[in-house]
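Number of protein chains: 4
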Amino acid sequence: MKIKASIIGASGYTGVELIRLLNAHPNVKLQYLVSENNAGSKVGDIYPHLDTADNYSFSNPDIEAIAKNSDVVFLALPHTKSITAVSKLIEYNCKIIDLSSDFRLKNGANYQKWYQHPAASQSLLDQAVYGIPEINAANIKRATLIANPGCYPTASILGIAPLIKNQLLDIPLNHPLVIDAKSGVSGAGKTPNPHTHFCEVSNNFSAYQAGGIHRHIPEIEQELGILAGKDFTIQFTPHLIPIPRGLMATIYAPVKKNISQTEIIDCYKSFYQHQEFIKINSLPRPDLKTVIGTNNCNISLHLDQRTGYLIIISAIDNLIKGASGQAIQNMNLMFGLPETSGLTQLAIYP
Amino acid sequence: MKIKASIIGASGYTGVELIRLLNAHPNVKLQYLVSENNAGSKVGDIYPHLDTADNYSFSNPDIEAIAKNSDVVFLALPHTKSITAVSKLIEYNCKIIDLSSDFRLKNGANYQKWYQHPAASQSLLDQAVYGIPEINAANIKRATLIANPGCYPTASILGIAPLIKNQLLDIPLNHPLVIDAKSGVSGAGKTPNPHTHFCEVSNNFSAYQAGGIHRHIPEIEQELGILAGKDFTIQFTPHLIPIPRGLMATIYAPVKKNISQTEIIDCYKSFYQHQEFIKINSLPRPDLKTVIGTNNCNISLHLDQRTGYLIIISAIDNLIKGASGQAIQNMNLMFGLPETSGLTQLAIYP
Amino acid sequence: MKIKASIIGASGYTGVELIRLLNAHPNVKLQYLVSENNAGSKVGDIYPHLDTADNYSFSNPDIEAIAKNSDVVFLALPHTKSITAVSKLIEYNCKIIDLSSDFRLKNGANYQKWYQHPAASQSLLDQAVYGIPEINAANIKRATLIANPGCYPTASILGIAPLIKNQLLDIPLNHPLVIDAKSGVSGAGKTPNPHTHFCEVSNNFSAYQAGGIHRHIPEIEQELGILAGKDFTIQFTPHLIPIPRGLMATIYAPVKKNISQTEIIDCYKSFYQHQEFIKINSLPRPDLKTVIGTNNCNISLHLDQRTGYLIIISAIDNLIKGASGQAIQNMNLMFGLPETSGLTQLAIYP
Amino acid sequence: MKIKASIIGASGYTGVELIRLLNAHPNVKLQYLVSENNAGSKVGDIYPHLDTADNYSFSNPDIEAIAKNSDVVFLALPHTKSITAVSKLIEYNCKIIDLSSDFRLKNGANYQKWYQHPAASQSLLDQAVYGIPEINAANIKRATLIANPGCYPTASILGIAPLIKNQLLDIPLNHPLVIDAKSGVSGAGKTPNPHTHFCEVSNNFSAYQAGGIHRHIPEIEQELGILAGKDFTIQFTPHLIPIPRGLMATIYAPVKKNISQTEIIDCYKSFYQHQEFIKINSLPRPDLKTVIGTNNCNISLHLDQRTGYLIIISAIDNLIKGASGQAIQNMNLMFGLPETSGLTQLAIYP
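Residue numbers (the working numbering), protein chains in the order written: chain G, 11 to 360; chain W, 11 to 360; chain L, 11 to 360; chain X, 11 to 360.
No lab work stands behind these hints, which were simulated from the structure alone. Computed from a predicted model, the values in this text were never measured in an experiment. Take these hints with a grain of salt, some might be off.
For chains that are exact copies, the list does not tell them apart, and a pair is met inside one copy or across any two.
No farther apart than 30 angstroms at their CA atoms in a straight line, the calculated lysine-lysine pairs in the DSS-like style are these [claimed, not checked]: (1) 267 with 240; (2) 175 with 39; (3) 14 with 123; (4) 12 with 39; (5) 266 with 240; (6) 267 with 123; (7) 279 with 52; (8) 279 with 200; (9) 12 with 98; (10) 266 with 78; (11) 266 with 123.
Using the sequences plus the hints, can you model the full thing?
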């Protein structure tokens with residue numbers, strides 16, 4: 011029996027990526043592909059690359075029908091738009107994986123502050139499980155509602171967690187951990203705007219929301235704080251790379267004295283043993299091409315003996331491990347499938 | 011009377027950029043364009059975009075003839091290759107502007123350690139003036155030999171200097187200042203290698219020499235140390251952007267408490283008043299397109315109230331302000347010209 | 011006395027390029043920079059790369075004030091929008107250079123057919139001079155109203171004209187001349203739309219308006235027909251290159267038997283002698299980088315002995331020789347200046 | 011029983027693509043991956059994106075061992091290098107799929123002329139089957155030696171074949187059919203050279219081998235001549251797109267009068283019915299993103315009523331349908347598998 015999966019918000023970049031990946035998943039049958047703008051159109055007419063034998067159509071958001079006829083519903087909506095939909099879906103028997111940020115922050119007031127919008131009810135926030143499988147698998151397996159992590163948080167948390175768990179960080183009191191992050195343009199979504207115009211982005215590179223104002227900051231701090239058992243502060247600056255996909259976080263971690271590069275690598279390998287999507291290494295040129303098109307997170311570790319800082323280069327495909335792929339990984343766990351089902355593609359090179 | 015200018019190493023990216031810029035300089039006459047590989051060829055045959063009315067040719071490196079018939083000689087050679095050439099040129103009456111790293115480090119042992127090659131004589135190292143005009147103009151004006159700064163050091167030093175001079179930094183003891191830097195591919199030079207192949211670079215983004223091993227580190231630390239009057243340590247990670255030109259340094263500076271964003275901007279504006287190439291601002295999206303094709307350094311300042319860190323985004327064109335343009339700016343100072351002569355081009359947009 | 015120049019439509023890509031080029035023109039003073047959307051804003055605030063000492067502002071379209079206080083007015087408006095503006099401006103004493111397509115087609119009915127919009131009055135159409143200086147300089151010099159050519163027509167006409175004038179074409183009766191053209195994305199304008207989104211254009215290449223429906227077709231056919239003294243039909247397919255600037259037309263011309271490659275090159279060189287912006291050659295790899303940033307048109311000629319076809323590769327910067335640079339070249343002619351005034355920039359490489 | 015497949019020339023772009031695709035093929039087991047330069051190295055150490063559970067190594071070219079232990083051998087060598095290898099392999103019982111051009115031209119003298127190198131023996135040339143499955147499936151099924159088509163020929167032949175077969179072309183006597191083709195950079199191979207340097211290719215677009223001198227011309231003419239039953243001449247100009255993958259041929263076909271666009275589309279659909287990799291349509295913007303990463307050939311048809319020309323836009327991924335994917339499609343036919351086995355990936359978008 012295949013898992014019946016529906017997608018609400020199926021025509022944005024993460025929605026389309028869910029279609030592409032679920033279409034090739036051996037245990038899934040696509041059910042509803044909701045896109046109000048394109049309701050009634052063949053998927054293959056709007057997206058010629060999805061012109062498959064199955065000949066799917068986009069449909070309208072009939073929540074009740076979707077909930078009753080789906081085993082799992084993916085929500086690939088802009089933030090603030092999932093709150094109502096989840097409130098309704100939760101009444102039914104389907105599992106819910108929300109790719110927006112609406113259920114990631116446990117503290118409703120914190121959500122209100124960063125998103126300038128009322129949070130979901132506290133009971134729903136409590137019920138939501140933060141879906142980063144390498145760290146939270148046990149909870150994910152029994153969850154009904156998954157808050158699928160953001161792209162920057164995924165790369166950042168996976169890159170830092172082993173240091174926290176092994177108490178190797180030695181950050182000066184009242185100082186933040188520096189995360190310098192870079193993302194491809196698909197992270198900005200499909201709706202055209204002046205900042206995604208080809209002529210503005212190509213031949214360019216920019217920082218944005220510098221000075222600690224990006225909305226992924228509270229999410230990263232929350233999850234690292236849970237791991238640390240205390241408040242955790244980061245200094246986070248995102249940048250835009252002139253490529254469609256891929257995301258790199260360069261993390262500057264002051265570590266305890268007298269630990270060697272080898273010990274650190276062993277610590278990471280041990281933390282992530284049995285995690286097939288995590289690759290630990292120390293490459294001369296850690297890059298994005300190695301992960302684009304895959305659900306992998308490549309973590310390259312570089313200890314600077316001069317300074318005692320560990321430079322962590324954490325790289326993912328923002329639309330796969332940073333969104334739709336991780337959502338499917340969560341689904342696999344929720345349905346008792348091998349974590350890698352439908353997620354074994356190798357990177358296209360060159 | 012025009013300044014007679016020669017270029018040794020005229021067919022690499024910085025050499026070609028010197029030709030382009032000097033060809034349009036109102037006070038300069040190009041004399042020798044030395045390129046052993048292309049000696050005898052018309053410049054316009056090798057580089058169709060330099061097919062100008064002047065119809066220049068590349069020539070062989072006859073140091074004596076060059077020195078005797080030039081007012082200034084630019085050396086655009088790979089590192090370690092300028093040492094011998096400068097030793098000879100210095101015997102003559104011409105001024106010398108060396109774009110390599112061979113005369114940047116004052117301490118010969120430090121050079122030997124980072125470049126694995128014997129340094130130039132200490133007397134030549136002592137004679138060389140580090141050519142960053144916004145900080146060192148007085149010395150540049152009376153110099154005979156200029157060590158033209160590296161691209162990463164230019165963006166980094168210009169971004170940090172006002173903080174040091176105004177004693178606004180508050181770095182924890184024994185911790186480095188974090189500089190996360192990103193450069194276009196022309197910084198890797200013109201000789202093809204697997205890491206500059208289009209198929210490897212495009213659609214990609216990579217870190218390299220992570221862990222504090224890039225050769226621009228001692229140069230940045232030396233110059234910031236001079237400004238600070240004490241040792242200065244940085245944590246520096248370079249990255250490769252899939253664009254031909256442009257360089258950004260994102261600097262994470264813990265600053266003294268109780269200083270406001272406005273005060274910081276005023277401090278920078280004051281430090282750089284009368285410096286026409288430095289633009290101080292606080293842009294929502296500081297980028298490279300604004301500086302590519304210009305000799306400008308754009309410095310965007312972002313104070314994070316949560317953490318007390320100042321994020322400094324310093325952006326240049328690596329081949330102009332980071333190399334050939336700055337070399338001409340130095341020449342202008344050495345010959346008593348306005349600093350902006352021949353360097354007033356606006357950025358091409360889009 | 012400097013020429014007082016105003017620009018209506020100063021914030022689009024061709025308008026901004028006019029500002030950049032005219033700002034550096036030794037004989038021009040910028041007067042009004044009209045942009046309704048940005049009226050009152052400093053140009054440098056909207057376009058940081060135009061943050062010059064002159065500190066220009068955008069203004070509202072007060073046609074009377076503009077006409078009375080300008081020697082020349084450039085119209086950089088979308089097609090159909092110049093008709094009214096020109097009708098008013100023509101009442102005054104200023105010269106007018108229109109960069110839209112509204113005055114290019116001599117036949118109003120033809121305009122109506124291709125643009126689905128009523129044409130300008132026949133008297134204005136008659137008065138307008140098609141502004142391709144290498145072919146039409148005498149008329150341009152005494153013109154009041156210039157219809158500045160389209161980008162595709164510029165590259166196409168310059169590439170084909172010498173063959174027509176020397177009666178070297180041998181096209182089978184009732185067959186068209188094939189022009190396969192490729193343009194950078196700035197040709198699509200600054201307003202964001204799904205087809206200019208970075209994620210759609212990067213890593214991609216597309217054809218559009220295939221099957222002979224692009225609006226530059228009647229313009230090219232009109233001008234080549236005038237040169238030929240009879241109707242002239244082309245088969246024209248435009249494509250989109252994932253670069254911001256640059257345009258190439260690959261032209262497939264059946265030529266008379268028994269003419270050699272050398273004779274053809276001589277014929278082109280003779281046709282364009284004294285034309286400083288036209289470069290005639292036969293390069294192994296005719297490309298766009300050689301012309302981007304310049305007002306040049308590079309024409310590379312390749313006779314195929316097997317087939318008797320001449321392959322003509324005609325390359326320009328679509329925003330300079332294909333729009334704003336050519337407009338300034340026309341202005342230079344109209345005001346008795348050397349044609350190259352303000353247009354001598356070399357291409358930036360790499 | 012899985013097919014034992016070996017690759018000679020496994021570290022170039024087509025070799026690596028064969029590894030990626032065959033690794034995911036349900037009926038194949040990879041046997042020898044020959045790369046002299048990398049013999050003994052783990053594939054995953056050279057290509058981190060191929061760091062799979064199977065942990066393959068590169069090996070030396072022991073032809074006898076390979077032939078005896080493989081059901082099929084793929085040769086992904088530069089042209090002229092397959093001749094000797096095939097001469098040896100043919101003595102054994104394995105099937106051979108050669109991705110070079112060494113066995114594509116049936117006429118040895120023709121090969122000698124275009125490749126400046128002695129051809130393979132006529133008996134081997136006679137034995138080789140040109141491997142374009144949509145046209146030649148019956149012969150492929152019983153072949154021992156496949157000459158896998160070139161990338162430009164694949165897109166060109168698939169785009170033109172239905173017109174020839176249905177006698178719809180109406181080309182003037184002694185005139186060629188114009189094919190204007192554009193390819194991504196991976197077609198130039200993995201070895202770095204000045205023409206594949208990122209700084210030369212990015213922001214650029216170039217024509218090369220204009221004037222009818224590209225080596226794919228005789229291959230296209232041979233195959234179209236076979237279909238036509240008479241000599242067939244093309245005018246072919248390749249161009250380089252600044253993208254790693256993808257290839258488009260824009261074909262200018264004069265067709266018989268009184269045929270409609272609908273009839274033409276029907277004719278193509280009929281010709282390619284049951285061919286799952288061929289998509290026939292008439293898109294407003296036929297592009298490459300729709301095919302990159304797939305084994306598809308998208309053919310978009312545009313009849314120009316004004317001229318009677320049919321514009322055919324034929325698009326493929328040059329490394330898949332233009333090389334390694336088509337090789338696997340041939341293998342599938344030779345071993346009685348469904349043609350689509352291992353080749354069902356959808357395009358990655360965006």
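Should residue 12 paired with residue 98 be assigned to within, between, both, or neither, using CA atoms and 30 angstroms as the limit?
-> Close inside one copy (24 angstroms), not across copies (49 angstroms); limit 30 angstroms.
Between copies, within a copy, both or neither: which fits residue 12 and residue 39 at Cα up to 30 angstroms?
-> both (6 angstroms within a copy, 28 angstroms between copies)
Up to 30 angstroms between alpha-carbons, please classify residue 266 paired with residue 123: within, between, both or neither.
-> between (35 angstroms within a copy, 27 angstroms between copies)
How would you classify residue 267 and residue 123 at a CA-CA limit of 30 angstroms: within, between, both, or neither?
-> The answer is between: 24 angstroms across copies meets 30 angstroms, while 38 angstroms in one copy does not.
Given identical chains, is residue 266 near residue 240, meaning Cα to Cα at most 30 angstroms, within a copy, between copies, both, or neither?
-> For residue 266 and residue 240, both the intra-copy (18 angstroms) and inter-copy (25 angstroms) Cα distances are at most 30 angstroms.
Identical-chain pair category, residue 266 with residue 78, by Cα at 30 angstroms = neither (53 angstroms within a copy, 56 angstroms between copies)
Between residue 279 and residue 200, at a C-alpha cutoff of 30 angstroms, which is it: within one copy, between copies, both, or neither?
-> Intra 37 angstroms, inter 33 angstroms, cutoff 30 angstroms: neither.
Status of residue 240 relative to residue 267 across identical chains (alpha carbons, at most 30 angstroms) | Classified as both: same-chain Cα gap 22 angstroms, cross-chain 24 angstroms, threshold 30 angstroms.
When no copy is named, should residue 175 and residue 39 be tagged within, between, both, or neither for a Cα gap of at most 30 angstroms?
-> Answer is neither: 38 angstroms inside a copy and 41 angstroms across each miss the 30 angstroms cutoff.
At 30 angstroms max between alpha carbons, let me know whether residue 14 reaches residue 123 within a copy, between copies, both or neither.
-> This pair counts as neither: shortest intra-copy Cα distance 37 angstroms, inter-copy 52 angstroms.
From the Cα coordinates, with 30 angstroms as the cut-off, is the pair residue 279 and residue 52 best called within, between, both, or neither?
-> between (45 angstroms within a copy, 20 angstroms between copies)
Hints 2, 3, 8, 10, counting from the list given before, are not met by this structure.
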